[in-house]
Amino acid sequence: MSEFMGFHRPNGDVGIRNHVLILSGTVYANGVCERVADTIHGAVPITHANGRCQVAPDLRVTRRFLAGTAMNPNVGAVVIIDHFKEEGMTAEDLAADIAPTGKLLATVNIRGEGGFISAVEKATRYAQDFARQISLYRREAAPMSKILFGTECGTSDTTSGLASNPANGLAGEILIAQGGRMLMAECTEWMGCENWLTEKAARPAVAEAILAGVQHMEARALASGEDIRGSQPTGDNMAGGLTTIEEKSMGAVKKIGDSPIIEYLEIAEAPTRTEPGNYVMYGPGMGAESISSMAAAGCQVLTFCTGGGHTSNHPIMPTIKVTGNRGSYELMRDTVDVDVSGVFTDEITLAEAGRIVYDEVERVCNGYLTKSEALRDNNSFAIHRVGPSI
Amino acid sequence: MKKVFVVYATDNVGTAVLEPIQTGDHVGCNGERSDLEVIAQADIAYGHKIALMDIAAGDTVLKYGLSIGSASSDIKAGDHVHTHNVESNRGRGDLAERNAIATE
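Order-wise, the sequence lines are chains A and B. Residues 5 to 394 in this note's numbering are what the first sequence lists, from first letter to last. Residues 473 to 576 in this note's numbering are what the second sequence lists, from first letter to last.
Same shape as in the complex, but just chain B:
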């Protein structure tokens, strides 16, 4: 089985740092979440992320145990997780006011 790396126990994505993943591969986890296994729904290049579980649109994408953005569409376990289905919650002019309030 191919392996991705999961840095923190609460993460819902893993990173392909050991080998690239092809569609249909059975994928397990090194680091944390060795209990989880998914079937890749897309090719995952070196350094890219795979969903370890379903992530609904609007839900938080977690890496390092922290938010790296929100799902912009429903993500299924095994999907490639990147700019096409995740949006940043930071550094966005349209959200600047909300972020300013959040940091007060």
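Chain A with its partners taken away, still in its complex shape:
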């Protein structure tokens, strides 16, 4: 069993980063959040288009995304800003969700402070104090079993299913062997290989939930006039050599390994179980929403497998880009972290590629910055909508 050096939180979680989060409760608080974050060393703003005029089920999902992001172990302190008292989405509502983690927490209401300038001042003072307090926190040893390792794929190509995704599945198995957990979302990509997933389900209820999740996503797409099954694989996919939906989907879901699937989660929901193994989550293929849902579920680190060279990076969950396409790696050298294309030329075996991915994950858990982190290209916070704006 190996260890990593992380930030131990009051509730027993262990983070791999130590951020001050400036969390916007509603779209209309985004400006204050950004101004505060601009001022404070190491602060990360979380801004978005939600929090107002949402139907109740949709608002609940938004709240899980926002509170979950703040509860992520990589966050040491949180300043929440809202503009008015939104029913079901006040700064106090979010604070009530986050408080059990025991982390530093403050709320600021723009109207209550008398407008933008006073709200910025009050929130900045909180954030300054928090940034200094958490700067005293030190990394301490923790077992790898504390890691919830998220995985995603996007801008996939022929190399994805053959190299980066299976290597990533093997990396997950190395973590799981040490007691860790791996999380995969994007149930749109389970279509065509549901059986491969349900065979791994630890309990019948998990298998049933996997099938229901795929059917639910398909029904939502159908209701919008889109038949996902009829359009998959896409014309581009077929021109690229993918023949059937199961070929495409298998290539995608191979980013988890063969360990049992312990639990099925609703979008942005944290696991309730702690057994080592794979965990799966309902959600769209849309990359930013998908990885944000996994950060909200508590993933400290994420691998993003990409044949074409994706730029996605989550603001608080280091996002390690892995490619099996050497051309993409060369072209996107400042953005893509790991190149496993050597499997195609027999320079490395797939097992060695898995070890290379795992070693990068472990380094990042110990504080090594990803390429996009070093650039602060925090482009991928997005909230999945399940209802219309009213």
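Hints were generated in silico from the structure; no laboratory data involved. Every residue gets a Cβ at the ideal spot worked out from N, C-alpha and C, and that includes glycine.
Some chain B residues close to chain A (C-beta under 8 Å, calculated; not the full set): (1) Phe477; (2) Val479; (3) Thr487; (4) Val489; (5) Asn502; (6) Ala517; (7) Gly519; (8) His520; (9) Tyr536; (10) Ser539; (11) Ile540; (12) His554; (13) Ser560.
Keeping the supplied structure of chain A fixed, place chain B upon it in accordance with the hints.
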């Protein structure tokens, strides 16, 4: 000799990810199945698949060690393997009932 990539030892197709293949090329395998060699019976574009052995109509086409569909006609070693000779077993309305039973 040109090479295709084989991801799993039980696969009966390889993928042209290193270089495109022309009809008549001698083709070997990187990854798994380095023992196998075929002569290409068709041009195989980048990302497309070549049969590593004969696959009879109705037999399973294996990639990642898993079924990606069934041969819709007899496929010979070295043939291009794609939508013209493979059909999906999933996501098909005509098979929905059978699949529902299979997943119960």
